[in-house]
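J.: One-letter residues, chain by chain:
There are 2 protein chains.
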Amino acid sequence: MNIPRSNFPRVVIIGGGFAGISLAKKLANRDVQVVLLDRHNYHTFQPLLYQVSTGGLEPDSIAYPIRKILKDFPNFFFRLAMVQRVDTSTKTLDTDIGPIGYDILVLATGSQTNYFGNSNIETNSMAMKTIPQSLNLRSLILENFEEALLTTDLKRRNALMNFTIVGAGPTGVELAGALAEIKKGILPKDYPDLDIRQMQINLVQSGGKILDAMSDQAAKAAEKFLEKLGVNVWKHVRVTDYDGYTVKTTTDLTFETCTLIWAAGVKGAVIKGLDANEFVTRGNRLKVNKFNQVEGFDDVFAIGDVASMNSELYPFGHPMMAQPAIQQGESLGKNLLLLLEGKPMKPFIYKNKGSMATIGRNKAVVDFPNYKTQGVFAWFVWMFVHLFFLIGFRNRAVVFINWVYNYVRFDREARLIIRPYKKQREHLHTSD
Amino acid sequence: MNIPRSNFPRVVIIGGGFAGISLAKKLANRDVQVVLLDRHNYHTFQPLLYQVSTGGLEPDSIAYPIRKILKDFPNFFFRLAMVQRVDTSTKTLDTDIGPIGYDILVLATGSQTNYFGNSNIETNSMAMKTIPQSLNLRSLILENFEEALLTTDLKRRNALMNFTIVGAGPTGVELAGALAEIKKGILPKDYPDLDIRQMQINLVQSGGKILDAMSDQAAKAAEKFLEKLGVNVWKHVRVTDYDGYTVKTTTDLTFETCTLIWAAGVKGAVIKGLDANEFVTRGNRLKVNKFNQVEGFDDVFAIGDVASMNSELYPFGHPMMAQPAIQQGESLGKNLLLLLEGKPMKPFIYKNKGSMATIGRNKAVVDFPNYKTQGVFAWFVWMFVHLFFLIGFRNRAVVFINWVYNYVRFDREARLIIRPYKKQREHLHTSD
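Protein chains in written order, with full-length UniProt numbering: chain A, 1 to 432; chain B, 1 to 432.
Please note: incorrect hints may appear among the correct ones.
Identical chains blur together in the list; that is why a pair holds if it fits in one copy or across any two.
[What the hints assert, rightly or not] Distance condition first, Cα-Cα at most 25 Å in a straight line; then the derived DSS-like pairs of lysine-lysine:
1. Lys183 - Lys71
2. Lys91 - Lys351
3. Lys334 - Lys346
4. Lys68 - Lys183
Keep in mind that the hints were calculated from the coordinates and are not lab data.
Using the sequences and the hints given, assemble the complete structure.
T.: Here's what the structure looks like:
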């Protein structure tokens, strides 16, 4: 493994997402050796992935090299590695780059797409949890239009121009809105010889409310915005199967589409060795106590999406989104330092800063704890907050320029098929 | 094929590079139907590919959607297609999207990497002619350092940190310079636990002069700049073989490297049906007359890299670079309109606007016809010219921001392994 042990205890963090990075920063220049492992060499700003899929942003502006975040801290080691298993008895991780020992282990492995055991859907649908996945979706959307232009089979043409999104959480809603905007502003110009009015955007939700973690006010406004943009919102419909062409549901409704985007759920990305029933709870998340300690261990912690900390307000754990992850990372950072000093740790208290979603140009919904707003102002708030949380001056500047350009010109220029998706499909259907 | 014939003659252009796009623009809103075919849906600004490979620029800022260039012209049709064959007797192209008929055919197919028949080198080396290739190289460079960190085999570590570039034309020189800059400014910070001084950059040139199409003054200055940056320049050395590890040459010299970048030559990308000896000349280019007509045809033209037009000054055709391609595209645009009006065409005259190459920060060489300069001023000229020729306001703004950021911060942030190259290598060794 080639990382020399120092005189300090070694904290191994698995995952460079919001939770892992916020923890790592808290441990900078402290008396610990920190080893951060991730299967990518970059941190992904997941809330903007849907803009990559729809050509509004370059992938490189929402990714940030992890080594660069950590480069000023001599107590940090990053390794590009896939963790296969943890052995808590020997305090060792098995990885594709060899075994790695730890004194304290922190799982910040996040979540992965939950297909609820349906392998047809898993094989045939598109997900949007990583940058490569988002780029695959970008390629597929554009390849579909190129193919629609060529086919004389009307049914197939309609299926190529039908985009069905399952799950009306923030990801599904934001993607549906972005697709509706390219339908309106860009595709008719790019494909003057296609009748873009035939393009259908379906947003399917099993429950009776879209954005169900947000206020009724926000949900209603978002639904109105989506309808205005021409998105078909289907509530109380659960998708049961998809063979690559026909979407079956629990109702009479079916969809014929070449593109099903699965945003219907995520589950904790638990690692072998900690995947026994005694550790795992609802949503495949690890049960943790108020200090983010995995139940039954002193030296194993979990933060972010993969951790389920029950509290009165959140009986099934905190929402699986950026804010709890960031706050748990910061809290655990302080607690690990207390622990190593032999002092008592402090329980984590989640400070709900609110939530938001954008549907399109001048159309967003924002729920702050004491203030809710929908529309143009919400949209500016959304942009400001996302720019603020993006890591790196260069990324912020490039995203800002892109947004100003897209706003002023009603355009999205990154509509490039850089790696064709269909060609690779047979070889390379990875979640990577 | 689904493109209805209009009352106007149909000009089919194969290739959306500098030549094809400059021709297409000249035919905008004229009495012709223009069908442009390309295997990518974007135009690539090839002169900046080396900055993508070395993390200085996002791929999306040097690519531009072809449909966007053409969207305001109702007489244009773009199709994403790979041309397999041309049948000049029936005036038909065979493509992967079906047959396409033409009245006038223009080959603007550019050039491809020339391995001079050496299949070992073709299989084991990296090329840098397309965006996917440049991204593969970016991934490989970074993956090499991640692996170098892990290995305890000193010989392998050195081979991972050895980068050997064959061919000291502008591509080879610019890439060598960019690698030397990341060696100096970025890698020691990203990999504090590696001894980056072990990294070797070799630039191998079969002839006795680097940048051999430029002035002696420029060549000498460029060589001095490269040496100052720590690049090993090997002249009078011809690479003969590479098995993925050992580079053999015509001299005693060998290199052990995991990364051989082949920038030693290009050849015209001729299409089947026009690849007979009677049409093709030196460099696998199509013989054309002064009007870019392929010899033996009235209705088949070739422009840019794939065309070889002999003249007193250029007995073996014009240099295979952007300027002749752009100028031939413009000239042919005017000539086709004359031809269709039954007027005589005008012979093409190449106006040499000079050439330039950048080696690094404040280090470039510029040969104008009447003025040569090297150093800081040349570097600013180089940047200005490249920004000016880049298509699209957004691309210019984003590239400009990146350059300012890179300059001020001595940084290059796009060092992301978004699609690991090694993993895919077995499945996907395409030139695409």
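J.: Using 25 Å as the alpha-carbon threshold, which applies to lysine 91 and lysine 351: within, between, both, or neither?
T.: neither (33 Å within a copy, 70 Å between copies)
J.: My question is about lysine 334 and lysine 346: at a cut-off of 25 Å on alpha-carbon distance, are they close within one copy, between copies, both, or neither?
T.: Within. Shortest intra-copy distance 8 Å satisfies the 25 Å Cα cut-off; inter-copy 77 Å does not.
J.: Within a copy, between copies, both or neither: where do lysine 183 and lysine 71 come within 25 Å Cα-Cα?
T.: between (43 Å within a copy, 15 Å between copies)
J.: Is the C-alpha distance from lysine 68 to lysine 183 at most 25 Å within one copy, between copies, in both cases, or in neither?
T.: Between copies, since 15 Å is at most 25 Å while 38 Å is not.
Of the numbered hints given earlier, the model fails hint 2 alone.
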